[in-house]
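Protein chains in written order, with my numbering: chain A, 1 to 485; chain B, 1 to 94; chain C, 1 to 317; chain D, 1 to 94.
Because the hints were derived from the structure by calculation, they are not lab data. Treat the hints with care, as some may be off.
Partner residues aside, some chain B positions facing chain C, computed with beta carbon under 7 Å [claimed, not checked]:
(1) 5
(2) 7
(3) 17
(4) 22
(5) 25
(6) 54
(7) 60
(8) 76
(9) 80
(10) 89
Keep in mind the model is a prediction, meaning the values are calculated, not measured. For every residue, glycine included, the Cβ atom is placed at its ideal position computed from N, Cα and C.
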Amino acid sequence: MNNLLTLPVMIPLGFSLLALLWPRRASSIGILGLLATLLASAWLAWRVAGSGPMLLALGGWEPGLGIALHADALSSTLLLMSSVVALAAGTYSTGYFRERSDRARFWPLWLLLMTALHALFLSGDLFNLYVTLELIGLSAVALAALGGKRKAVEAALRYLILGLLGSLLFLAGVALIYAGYGTLDLMQLRNMLAPEPVAWIALTLMISGLLLKSALFPLHFWLPPAHANAPAPVSAVLSALVVKAALYLLLRFWLDIFDDVVTTFAAWLLGSLGAMAVLWGSWKALRAVRLKLLAAYSTVAQLGYLFLFFPLLAALPVGAARDTALGALILMALTHGFAKSALFLATGVIQQKAGHDRIEELGGAARALPVTVFTLALAGVALIGLPPSGTFQAKWQLFSAVIATGQWLWIPVIATGSLLAAAYVFRILGYAFASAEGVKYRIADGREELPALILAILATVLLGFGSIWVWEFVTPGALAVGEVP
Amino acid sequence: MMLTQLIFGIAGGLLFAMGLRSALIRESLLARILAVNVSGAGIFLAFVAIAYRGLEETPDPVPHALVLTGIVVAVSATALALALRRRLEEADDE
Amino acid sequence: MEITLWHLLDSLLAILLLGLAWSALSGTDLKRGVVLFMAFGLLLSLIWARLRAPDLALAEAAIGAGLSGALLLLALRDREKSENKAGQPMSLLRLATVLLMLLLAASFALAYVTAVTSNTGGRLAGLAFGNLEQSGVSNPVTAVLLNFRAYDTLLELAVLLAATLGILALGSERRPFRRPGVLLGALVTWISPLLVIVAGYLLWTGAHAPGGAFQAGALLAAAIVMLRLGGMTSEQLPHPLLQGWLLASGIAAFMLAGYLATFHDLAFLQYPAGWAGLLILLIESAAMLSIALSLGLAYLGGSPSGWDERSSRGKRS
Amino acid sequence: MTELLGSLFILASLAFFAAGSIGLLRLPDVHARLHALTKADNLGLGLLVAGACLIGGHLLLALKLLLVWLLVMFASAIAANLIARHAMKDGEES
Numbered sequence: 001m002n003n004l005l006t007l008p009v010m011i012p013l014g015f016s017l018l019a020l021l022w023p024r025r026a027s028s029i030g031i032l033g034l035l036a037t038l039l040a041s042a043w044l045a046w047r048v049a050g051s052g053p054m055l056l057a058l059g060g061w062e063p064g065l066g067i068a069l070h071a072d073a074l075s076s077t078l079l080l081m082s083s084v085v086a087l088a089a090g091t092y093s094t095g096y097f098r099e100r101s102d103r104a105r106f107w108p109l110w111l112l113l114m115t116a117l118h119a120l121f122l123s124g125d126l127f128n129l130y131v132t133l134e135l136i137g138l139s140a141v142a143l144a145a146l147g148g149k150r151k152a153v154e155a156a157l158r159y160l161i162l163g164l165l166g167s168l169l170f171l172a173g174v175a176l177i178y179a180g181y182g183t184l185d186l187m188q189l190r191n192m193l194a195p196e197p198v199a200w201i202a203l204t205l206m207i208s209g210l211l212l213k214s215a216l217f218p219l220h221f222w223l224p225p226a227h228a229n230a231p232a233p234v235s236a237v238l239s240a241l242v243v244k245a246a247l248y249l250l251l252r253f254w255l256d257i258f259d260d261v262v263t264t265f266a267a268w269l270l271g272s273l274g275a276m277a278v279l280w281g282s283w284k285a286l287r288a289v290r291l292k293l294l295a296a297y298s299t300v301a302q303l304g305y306l307f308l309f310f311p312l313l314a315a316l317p318v319g320a321a322r323d324t325a326l327g328a329l330i331l332m333a334l335t336h337g338f339a340k341s342a343l344f345l346a347t348g349v350i351q352q353k354a355g356h357d358r359i360e361e362l363g364g365a366a367r368a369l370p371v372t373v374f375t376l377a378l379a380g381v382a383l384i385g386l387p388p389s390g391t392f393q394a395k396w397q398l399f400s401a402v403i404a405t406g407q408w409l410w411i412p413v414i415a416t417g418s419l420l421a422a423a424y425v426f427r428i429l430g431y432a433f434a435s436a437e438g439v440k441y442r443i444a445d446g447r448e449e450l451p452a453l454i455l456a457i458l459a460t461v462l463l464g465f466g467s468i469w470v471w472e473f474v475t476p477g478a479l480a481v482g483e484v485p
Numbered sequence: 001m002m003l004t005q006l007i008f009g010i011a012g013g014l015l016f017a018m019g020l021r022s023a024l025i026r027e028s029l030l031a032r033i034l035a036v037n038v039s040g041a042g043i044f045l046a047f048v049a050i051a052y053r054g055l056e057e058t059p060d061p062v063p064h065a066l067v068l069t070g071i072v073v074a075v076s077a078t079a080l081a082l083a084l085r086r087r088l089e090e091a092d093d094e
Numbered sequence: 001m002e003i004t005l006w007h008l009l010d011s012l013l014a015i016l017l018l019g020l021a022w023s024a025l026s027g028t029d030l031k032r033g034v035v036l037f038m039a040f041g042l043l044l045s046l047i048w049a050r051l052r053a054p055d056l057a058l059a060e061a062a063i064g065a066g067l068s069g070a071l072l073l074l075a076l077r078d079r080e081k082s083e084n085k086a087g088q089p090m091s092l093l094r095l096a097t098v099l100l101m102l103l104l105a106a107s108f109a110l111a112y113v114t115a116v117t118s119n120t121g122g123r124l125a126g127l128a129f130g131n132l133e134q135s136g137v138s139n140p141v142t143a144v145l146l147n148f149r150a151y152d153t154l155l156e157l158a159v160l161l162a163a164t165l166g167i168l169a170l171g172s173e174r175r176p177f178r179r180p181g182v183l184l185g186a187l188v189t190w191i192s193p194l195l196v197i198v199a200g201y202l203l204w205t206g207a208h209a210p211g212g213a214f215q216a217g218a219l220l221a222a223a224i225v226m227l228r229l230g231g232m233t234s235e236q237l238p239h240p241l242l243q244g245w246l247l248a249s250g251i252a253a254f255m256l257a258g259y260l261a262t263f264h265d266l267a268f269l270q271y272p273a274g275w276a277g278l279l280i281l282l283i284e285s286a287a288m289l290s291i292a293l294s295l296g297l298a299y300l301g302g303s304p305s306g307w308d309e310r311s312s313r314g315k316r317s
Numbered sequence: 001m002t003e004l005l006g007s008l009f010i011l012a013s014l015a016f017f018a019a020g021s022i023g024l025l026r027l028p029d030v031h032a033r034l035h036a037l038t039k040a041d042n043l044g045l046g047l048l049v050a051g052a053c054l055i056g057g058h059l060l061l062a063l064k065l066l067l068v069w070l071l072v073m074f075a076s077a078i079a080a081n082l083i084a085r086h087a088m089k090d091g092e093e094s
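The shape of chain A in the complex, shown without the other chains (with noise of 0.2 Å):
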């Protein structure tokens, strides 16, 4: 029986449960909440690496009529990085949050939203995806709203209304679905889907509602001023792994459950708006006037690279060049996971120590904040994908890609964002070394520096010389989910 498969799920559930009993107590109580989900996904992640892809059929019941569950290379990669992102977030929540009753607020909902984000990469049915995308919107937004800011509430309830938009263009797409194959089962639909009309119009309507989780330039308007003004680590696992989420489902549909179904034209169509949002998301990003608001622009500009994948891997035959760009892609997913959410911890820090986070006013930081300086060049670092790191490696293989297929049209667009990053870095970087007074020195404790340098140090380093590991892991049974034996 398989039921470990459910504890990456239940145990931020049942903590969420004792944070709300005990709130005196609710900072312990989810720290070693994520500490057993990061163990228990590590677990999954070996037992799937060992013997492949798992299956668990919830009640017992035969998929179609039940639920299944299931875990394969892409999945338990995802929840291994939401929980280390996860952990290293929440402990320096404990610092952000000083007020026992903000945290008492701050953890249930912490530990829903991870419920929701696991449940999401381990459910193998249409309808559950749904109730997971619509848990993950609900948890996402009480806790962007937190500390009631007037900016924060207007940013949240325009973000609440998008993603409710979303969640049912996705759920009129299950409808469909529903009505002309008559089962909700993944693995079930991934035999049974064939290219015709009910397919493409339920899979355009899922992917739009997806897309519009994503943030897909030109859907994008509603993540800068949501990311932007959320408590610093909320917006970190909001640009790390919430908008993943659609991201990952996204990858799902179009390269295993919908494979048939899809375009080459709607694949060019997707890798077009990716471009735009690296130009676009890339120059507003250079443009900003706040640290944070940079860090949500450029989450804007590196959701489009991963969008350019979509017409390689169409252009690709199945084999070993394909997996390898699916490897980067998936590598550089990661990679920005953990530099992103760096970006914003560190923004944090900064913003809580200087009082503000406006750029041109960071002078003196270099000095008054080392570490989280350090860390602020580290993720741009694997912003920019300087090696080593796992950016780097993956904008490697997206050149070599590239080449293979001869959609040259691309190599500009790459070229023009990595100098745009590279100068939204430098800028940085440039203000924070600067000797101004602008940031006073002051202290600034282990668990709010130490998480956000971790996780820039899992970006660069790690994952840079590590990525051949990850290649090894995720490419020959990635998307393997169908066979299960």
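Let chain A serve as the given structure and place chains B, C and D on it in line with the hints.
Then chains B, C and D, alone, in the frame of chain A:
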């Protein structure tokens, strides 16, 4: 196939699109919250129409359960949205 | 395909529903919009009854029209900056959005019609009815909700909890209403206990007839709404610590029942043979309490008195 | 025979509902509208319940339906009173 399924399915599609449009173009937050609810109701209607199998036959219970779940999710989202809207108004006065 | 009187009724209901939705969404008068939306919900509940979905008819009347309506009516008291703006874009743009809307509806309808005509099978109905006997209940909808797709329901309770915690984190409750006059007071004192009884009945009967935890929970929440209208303050609710337990109870019961089976080498959420009926009733009772308090607190509009003091020692023992 | 009688009751109830609705639409002020609506609809519902009892032909069912009628009358009487009082306070004409 039955005409009843068709009538309510198409009505559901119209409601879905109508709600989506209003949610995107209206300025008033309350109107947008209403619109999201109407849009969701349209999809629910399509679901229940799929389940319908005639006057004499027991309908398919699965879509009914899904819609029941959907209704509860919708009211949760509505309640949270209204609370945020109220908080927004209070923050105005600060 | 012959056309009967039923189809005439169906068309009438559909047109009425569309008309109500259109007028609820297109006017600029928000109050009117909310009232029309409540009428929309009631009509929808009639349509559920027509489509032989009595469980949904109950839920829609209680939750979709009833509680959502109560929440929306209360929200009308809050001013909104953008409220007075016309909210309608220029005529050309407006036409474009209408066309887009029709395009969306048409493609949905096209796919729907193709799907329903090409797949005339029972979909999952056959499987669900075939396994009904092992599910522990005889109401097929309850069997799907609490057994076949119990995991959905578990996560749905988590959605409700997330929304409730989000509301509680935003600030304190609305000011309570004034004590009502004699008549409304009488209504409250008569109706509230009746609502509690009917909720218990719906919970019990959900195993074999329309009803269940959600409808029952909504009715209990309606009792809270009635009492609130009768001037109840949040001090009269259970102690805040107990409220926490009540909110958690639905999910907790589900998880305990879910893992109970794993000790017998069964899958998560698989009920041991012969225990399904009892476990479902227990889960539903706990879920009903969670749902009722969640929706009730949503009507209060924020954290009840004493909620935030739970995290600090000593106060309000 | 009872079914025919039941149908007659239901048909009669429709007339009352129609009258109530026309009153709601046509009458000049709040009080008159309330008068038309509550009086006619309560009676209409009573007839409907009587008709349904006859057709249903089951004592327990009849009791439940009777309870429904009583509850609706109770609630609508009080609601009507509240609306009327509110309208009087506002001195509203429309």
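Cross-check of the supplied hints:
1. 5: holds (6 Å)
2. 7: holds (5 Å)
3. 17: holds (4 Å)
4. 22: Holds - the Cβ of residue 22(B) comes within 7 Å of chain C, reaching about 4 Å at its closest.
5. 25: Status holds, d = 6 Å.
6. 54: Violated - the Cβ of residue 54(B) stays beyond 7 Å from chain C, reaching only about 9 Å at its closest.
7. 60: Interface hint status for residue 60(B): holds (4 Å vs cutoff 7 Å).
8. 76: Holds, because the Cβ-Cβ distance from residue 76(B) to chain C comes to roughly 4 Å (cut-off 7 Å).
9. 80: Holds. Min distance 4 Å.
10. 89: holds (5 Å)
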